[in-house]
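Taken in sequence, the protein lines are chains P and E.
Per my numbering, the first sequence starts with residue 2, numbered consecutively.
Per my numbering, the second sequence starts with residue 48, numbered consecutively.
Just so you know, these hints were derived from the structure itself, not from any lab.
C-beta atoms are modelled at their ideal positions from N, C-alpha and C, and glycine is treated no differently.
Simulated coverage check for chain P against chain E, where a stretch passes if three residues somewhere in it have a Cβ under 8 Å from a Cβ of chain E:
1) 11 to 19
2) 28 to 36
Taking lysine to aspartate or glutamate pairs in the EDC-like style, the calculated list, with each CA pair at most 20 Å apart, reads:
3) P:41 to E:235
4) P:39 to E:238
5) P:39 to E:237
6) P:36 to E:237
7) E:226 to P:40
8) P:39 to E:235
9) E:236 to P:40
10) P:36 to E:223
11) P:41 to E:238
If you want a taste of the chain P side facing chain E, the calculated C-beta under 7 Å gives, among others:
12) 3
13) 5
14) 24
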Amino acid sequence: MNTYLFIAYFIFLGGMIIYQMILLIQKRKLVKELKEMKEKSNR
Amino acid sequence: MGEIQRIFYFHVSSAWVGFFAFFITFIFSVSYLVKPSLMKDITAKSSAEVGFLFISMTLATGMLWARPVWGVFWVWEPRLTISAVQWLIYFSYLLLRRSSRSREREASLAAVFGIMGFITVPLSWFAIRWWRTLHPEILTEPSVGLPIKIVAVLIASVASFSLLYYSFVRQNITIEKLKVELLSVYREKEEMVN
Numbered sequence: 002m003n004t005y006l007f008i009a010y011f012i013f014l015g016g017m018i019i020y021q022m023i024l025l026i027q028k029r030k031l032v033k034e035l036k037e038m039k040e041k042s043n044r
Numbered sequence: 048m049g050e051i052q053r054i055f056y057f058h059v060s061s062a063w064v065g066f067f068a069f070f071i072t073f074i075f076s077v078s079y080l081v082k083p084s085l086m087k088d089i090t091a092k093s094s095a096e097v098g099f100l101f102i103s104m105t106l107a108t109g110m111l112w113a114r115p116v117w118g119v120f121w122v123w124e125p126r127l128t129i130s131a132v133q134w135l136i137y138f139s140y141l142l143l144r145r146s147s148r149s150r151e152r153e154a155s156l157a158a159v160f161g162i163m164g165f166i167t168v169p170l171s172w173f174a175i176r177w178w179r180t181l182h183p184e185i186l187t188e189p190s191v192g193l194p195i196k197i198v199a200v201l202i203a204s205v206a207s208f209s210l211l212y213y214s215f216v217r218q219n220i221t222i223e224k225l226k227v228e229l230l231s232v233y234r235e236k237e238e239m240v241n
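For reference, chain P alone in the conformation it holds in the complex (with noise of 0.2 Å):
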């Protein structure tokens, strides 16, 4: 395969891999963090 072929494929699926983690970290994270201030103003 052509060099700059492989890492335009490379950039793309690798930026889009990486964009989707950071967006599913941040949701649980503050899914998370929601979960807790709740409970701890209903006690």
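Following the hints, position chain E against chain P.
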């Protein structure tokens, strides 16, 4: 052009989706200034963030395509210069969204920025028609005429990238809503303490 031509599907599709994302930001920014609402602000912000990702991919794949074809990664010709300015404008937009303290003030400023920034989209589109550039005009130039196989793959890639855009924006909107909810819980708690 050989195998390197395949970058075309990533480059063009990313650019289309990026432009579409900025168009959505533009529409929701105008709508926010007419009648402010949290949801409009969140949608404009989410779309700009995902658009920035796709435009960054367009620049990266474009540079990788230019090197074997033009012999250089970057040329300061009209379309590429406008693309660089566009990238910087939306980068500033995202920085602005993280700097201001008051949500209303931040949203109004960002809406104005989102409207002004959108000027770069039609400018970039018409740059290859208005000025002499190295960038080829293949989609609307009748003399070029893309083979049907290439058009079919291009349509498929634009469709799949659009789905990816939709998925990212939806996730971003959920995250922004969670942030707002969390902030209101913190405020409630502060009020109870006071």
